[in-house]
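Undergrad: Sequence:
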Amino acid sequence: MVAAGFIVWMIFFDINDLINQYFSLKKLNDLEEEKTFYRTKTQEVILEREEVLSKPHLLEKFAREKYLMKKKTEDIYVIEEK
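Taking the working numbering, I'd label the letters of the sequence shown as residues 1 to 82.
Careful, some of the hints might be misleading.
As the list claims (entries may be wrong) - Pairwise CB distance ranges (calculated): (1) Lys26 / Ile76: 41 to 49 angstroms; (2) Tyr67 / Leu28: 34 to 42 angstroms; (3) Glu33 / Met10: 26 to 34 angstroms; (4) Asn29 / Lys71: 48 to 56 angstroms; (5) Ile46 / Trp9: 45 to 53 angstroms; (6) Glu51 / Ile76: 21 to 29 angstroms; (7) Ala4 / Ile46: 52 to 60 angstroms; (8) Phe6 / Ile46: 48 to 56 angstroms; (9) Ile19 / Thr42: 30 to 38 angstroms; (10) Glu81 / Glu34: 27 to 35 angstroms; (11) Val78 / Glu50: 21 to 29 angstroms; (12) Asp14 / Ala63: 53 to 61 angstroms; (13) Glu34 / Lys66: 20 to 28 angstroms; (14) Lys26 / Leu53: 37 to 45 angstroms.
Said to hold, decoys possible - Straight line, CA to CA, 27 angstroms or less: simulated DSSO-like cross-link-like pairs of lysine-lysine: (15) Lys66 / Lys55; (16) Lys61 / Lys41; (17) Lys55 / Lys71; (18) Lys72 / Lys61; (19) Lys41 / Lys55; (20) Lys41 / Lys26; (21) Lys55 / Lys72; (22) Lys61 / Lys71; (23) Lys41 / Lys27; (24) Lys35 / Lys66; (25) Lys82 / Lys70; (26) Lys66 / Lys41; (27) Lys82 / Lys66; (28) Lys41 / Lys82; (29) Lys55 / Lys70; (30) Lys82 / Lys61.
What the hints contain is simulated information worked out from the structure, not anything from laboratory work. For each residue, glycine too, the CB sits at the ideal point set by N, CA and C.
Starting from the given sequences, assemble the full structure and let the hints guide the process.
TA: This is the structure:
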């Protein structure tokens with residue numbers, strides 16, 4: 001009887017019950033996926049940075065496309081696709 005009460009207590013009423021374990025495991029899996037995503041994005045940014053810094057003409061192209069930088073005598077028109 002005591003063992004059954006202990007098992008019921010551990011499954012439903014304890015702070016580490018099955019429901020909390022399930023949600024903790026789900027959150028851990030979500031965070032692992034997010035970690036993988038950000039690691040791949042970081043690698044992409046590092047490779048892009050190395051490429052841009054190694055070639056001056058790519059640096060100008062990058063600045064124009066990403067930050068809309070321009071020369072004093074130029075006008076920029078942004079065309080958004082639908």
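Undergrad: Evaluate each hint against the coordinates.
TA: Here's how the hints hold up against the structure:
no.	hint	in the structure
1	Lys26 / Ile76: 41 to 49 angstroms	holds (46 angstroms)
2	Tyr67 / Leu28: 34 to 42 angstroms	holds (37 angstroms)
3	Glu33 / Met10: 26 to 34 angstroms	holds (30 angstroms)
4	Asn29 / Lys71: 48 to 56 angstroms	holds (49 angstroms)
5	Ile46 / Trp9: 45 to 53 angstroms	holds (51 angstroms)
6	Glu51 / Ile76: 21 to 29 angstroms	holds (23 angstroms)
7	Ala4 / Ile46: 52 to 60 angstroms	holds (57 angstroms)
8	Phe6 / Ile46: 48 to 56 angstroms	holds (53 angstroms)
9	Ile19 / Thr42: 30 to 38 angstroms	holds (35 angstroms)
10	Glu81 / Glu34: 27 to 35 angstroms	holds (29 angstroms)
11	Val78 / Glu50: 21 to 29 angstroms	holds (28 angstroms)
12	Asp14 / Ala63: 53 to 61 angstroms	holds (57 angstroms)
13	Glu34 / Lys66: 20 to 28 angstroms	holds (24 angstroms)
14	Lys26 / Leu53: 37 to 45 angstroms	holds (41 angstroms)
15	Lys66 / Lys55	holds (16 angstroms)
16	Lys61 / Lys41	holds (21 angstroms)
17	Lys55 / Lys71	holds (19 angstroms)
18	Lys72 / Lys61	holds (16 angstroms)
19	Lys41 / Lys55	holds (21 angstroms)
20	Lys41 / Lys26	holds (23 angstroms)
21	Lys55 / Lys72	holds (23 angstroms)
22	Lys61 / Lys71	holds (12 angstroms)
23	Lys41 / Lys27	holds (21 angstroms)
24	Lys35 / Lys66	holds (25 angstroms)
25	Lys82 / Lys70	holds (25 angstroms)
26	Lys66 / Lys41	holds (16 angstroms)
27	Lys82 / Lys66	holds (19 angstroms)
28	Lys41 / Lys82	holds (26 angstroms)
29	Lys55 / Lys70	holds (18 angstroms)
30	Lys82 / Lys61	holds (23 angstroms)
Consistency with the previously given hints is maintained throughout, with no hint failing.
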